[in-house]
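Can you build the whole structure from these sequences, using the hints too?
Here is what each chain is made of, one letter per residue.
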Amino acid sequence: MNNVKIRSGNELVVEGAIAAGCNFFAGYPITPSSEIAEGMSRELPKVHGIFIQMEDELASIGAVIGASLGGKKVMTATSGPGFSLKQENLGVALIAEVPLVIVNVMRGGPSTGLPTRGAQGDVMQARWGTHGDHPVIALAPAFPKEVFLTTIDAFNLAEKFMTPVILLLDELVGHSHEPVELPGPDEYEIVNRKYPEKLETLEIYKREMGKPPLRPDFFMGYPIHIESLEHNDYGYPTTNPEIVEVQQRRRLEKIERHKDEIIRYKTHYTDDAELVIFAFGSMARSALEAIETLRKEGGPKIGLFQPITIWPFPEEQLKKAVGEKDVLVVELNWGQLVYEVERVLKTNKIHSLLKMTGMPIRPDEIIEKIKEIKNA
Amino acid sequence: MKERYEVRLAAVGGQGLITAGALLAKTAINKKNLYATQSPTYTSQVRGGPTKVDVIIDSKPIVFPQAVSIDLYFATAQKPFDLYYRNIKDDAIIVIDSDLVTKLPENDNHKIYKIPLTEATAKEIGNMVVVSVVSLAVVSKLSGLFTKDELREVVLASVPKGTEEMNLKALDLGFNLV
Amino acid sequence: MLDYEKYLRYRTFPVPWCPGCGIGTIFKAVVTAFAKLEWDPNDIAVVSGIGCSGRLSTYFNTNTLHTTHGRALTFATGIKLSNPDKHVVVFSGDGDALAIGGNHFIHACRRNLNIKLIVINNNIYGMTGGQVSPTTPTGFVTTTTPYGNTEPHFDTVELAKAAGATYVARETVNRPRQMLKVIEKSFKHSGFSVVEIVSNCHINLGRRNKLKHPLPMLKWIDENTIPLSKAKDMSEEELKFKYVVGEFVHRHRPDYLSLYEDLVVKKAGGDKK
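Protein chains in written order, with my numbering: chain A, 1 to 376; chain B, 1 to 178; chain C, 1 to 273.
Read the hints as simulated data drawn from the structure, not as lab findings.
What you are looking at is a predicted structure, and each value in this text was computed from that prediction instead of being measured.
Hints are supplied without guarantee of correctness; some may be wrong.
Pairs of lysine-lysine, DSBU-like flavour, derived with a Cα cap of 30 Å [said to hold, decoys possible]: (1) A:Lys301 with A:Lys320; (2) C:Lys232 with C:Lys242; (3) A:Lys259 with A:Lys320; (4) B:Lys89 with A:Lys301; (5) A:Lys46 with C:Lys266; (6) B:Lys161 with C:Lys212; (7) B:Lys60 with A:Lys371; (8) B:Lys32 with B:Lys148; (9) C:Lys28 with C:Lys266; (10) A:Lys369 with B:Lys148; (11) A:Lys320 with A:Lys160; (12) C:Lys6 with C:Lys36; (13) C:Lys86 with A:Lys206; (14) A:Lys46 with C:Lys86; (15) A:Lys198 with C:Lys86; (16) A:Lys301 with B:Lys60; (17) A:Lys296 with A:Lys259; (18) A:Lys320 with A:Lys296; (19) B:Lys89 with A:Lys371; (20) C:Lys272 with A:Lys194; (21) A:Lys374 with A:Lys266.
See the structure below:
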């Protein structure tokens, strides 16, 4: 194992962000994500980037939106309570179409909940946390190398689609220290923001249906207006229903029409499986361990569908991978994505293994559940 | 070594067990060319809260980084010992600080090593900072995972400048305590 | 003649404020200060929060950003940190800056980035229909204090001073020349500046307090205005509910960015890249 480093998931987010070209971070301390802010405070000055610890969570996301408009590649990181506080300004980034990466290292909730214990209870908050209808991209890596590459991916998608991207880690992924061979620059792509070739129109939101805005940053010599109110093509406030509909639809469609480009997922042992587990993050790892143990012991052949893109939900990909097979959803909450799976797979038999005690669902618990399903 | 070896270190926050776990994983990776993960579970009580760290060492990549079938359970305080006494194999070794873990479960049939870890560290070294290295040595010797030479290099590369001598002394102490 | 037209975004006119509102006078003073200092509109970012003052950003033909309630300073912090050589001007109201955004206000003062904050204090939540604000005088009737406001009010100047702002001044819409002077001075100052402008909301504050037309409301402000030079000889009791106007603080200390560059980036070795 040459070139192997020992890294926690949180440390890999820092290294992925720097590799992606992140040059601005604003944050606020919160368990279990603080190592990301600590890492950024150490690494950003080395590349002449800016780090600032703001006075609160709301200020942190405000500052990264400002810096993104000022031309930087930006990130902030938090956990449940902080993610709740950030929701209002997340809406600004969605309506004004401002690229940024927001990391949520999920912990047990609601409220202060279980600060040091892992959970996967924020997936619906990531989807619907800020008010109103809006498109969302949320990614949830599971394995060390995946954390590094998905962080880079988060920046790429944010810049390409001019939108905030939510990176969901769970505590186990964020805090486990593991060996990882970090990919070199030739193993990933870096996407930078696109600008209009000529600065000739103030209509910065005038784009074909389904396309992100193509606009200058602040101070590029063009007096643009960025608005938290609903706005017209110029970005100026409007309540005109026809214009509102066009803007709302364009923002939704820019994600909807590019789902294939945005959705990342992995399948493990699905071809010969009699039952497919649906799990992400740490639970995908627990499931995979259970699957491999069962196969080694000559037990039932189980497969795994591991979404990395949680939102938009990988509907077609899941359907294709699962076919008519039974599905077992394993998630570290009392049932969130299981409803999405049920919505998508209308005729399959769907089982679920749900738990939220602050401790992970272990591989042996998954094996037991599978045996229970088989014997039923 | 067996194909896979799982160690759980249980302590209270501040006893340096997360450091010991990190050094165990590091030695496995750097010195034995094995795969290893170190996954902590702790509380928000920075000093004194029950803490555990699971170290998994495997010849193959590790899929799930928490212990499910523990080969060696090491505990240096009663509360964490009770809390994290689970998923322990029948043929596992249990190692406890003889002064700080006094109540053992009834009907426990594991091989138990009672070691005066804290007392010996205080007496022989006089600085509790190095109790993590003493623990590392104890675990390595009882598990047969690593030799003193293998640990020495990793410890020297990891400890703050100026503390090398004290840490090497701690390593010796740990190997002699068993 | 001053070339002020280049700072106006005519396409978004007419402005939304009630007839007789003091915000127009403040708008004019800021545009005039830009023109006097000959700032390039492309080098200016105007950021605002929510409320009547929040609408201002739309009408400047500069880089402009309309944000969320109370958070304008946080966005401005990101803009300034990412573009240290550009001018960042923030408009906030009394509710925006001192209630929902109070935390950002004090920390921006402490941090001392070169950002220009103008607090338009009309003593009321105007846009939402006249609810009590942190600067509403005690005893005043508002839609949420129908029996009179029982709470004491914040003093923007004292708050800014204590929190560490390096330029602090107060003026009223009745004194346009003095207002222009302190705005211009704050723009020239290097560091975080707070200029509070006391303005009139005859519609949603005056109406319920026997000041329902612009003139009586402006007169009421005038009667309660005391120049700093005079206030020095007055007792605390005499100054109760008075708007002391003038320049309160003009001091220098290093701002976040220069310290970051000198102490952090250099130590990390980033200056060599």
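Structure-based check of each hint:
no. : hint                   : verdict
1   : A:Lys301 with A:Lys320 : holds, 18 Å
2   : C:Lys232 with C:Lys242 : holds, 13 Å
3   : A:Lys259 with A:Lys320 : holds, 15 Å
4   : B:Lys89 with A:Lys301  : holds, 26 Å
5   : A:Lys46 with C:Lys266  : holds, 8 Å
6   : B:Lys161 with C:Lys212 : violated, 74 Å
7   : B:Lys60 with A:Lys371  : holds, 26 Å
8   : B:Lys32 with B:Lys148  : holds, 13 Å
9   : C:Lys28 with C:Lys266  : violated, 43 Å
10  : A:Lys369 with B:Lys148 : violated, 43 Å
11  : A:Lys320 with A:Lys160 : holds, 27 Å
12  : C:Lys6 with C:Lys36    : holds, 12 Å
13  : C:Lys86 with A:Lys206  : holds, 27 Å
14  : A:Lys46 with C:Lys86   : holds, 24 Å
15  : A:Lys198 with C:Lys86  : holds, 22 Å
16  : A:Lys301 with B:Lys60  : holds, 21 Å
17  : A:Lys296 with A:Lys259 : violated, 36 Å
18  : A:Lys320 with A:Lys296 : holds, 26 Å
19  : B:Lys89 with A:Lys371  : holds, 21 Å
20  : C:Lys272 with A:Lys194 : holds, 28 Å
21  : A:Lys374 with A:Lys266 : holds, 25 Å
Violated hints, listed in ascending order, are 6, 9, 10 and 17; each of the other numbered hints is respected by the structure.
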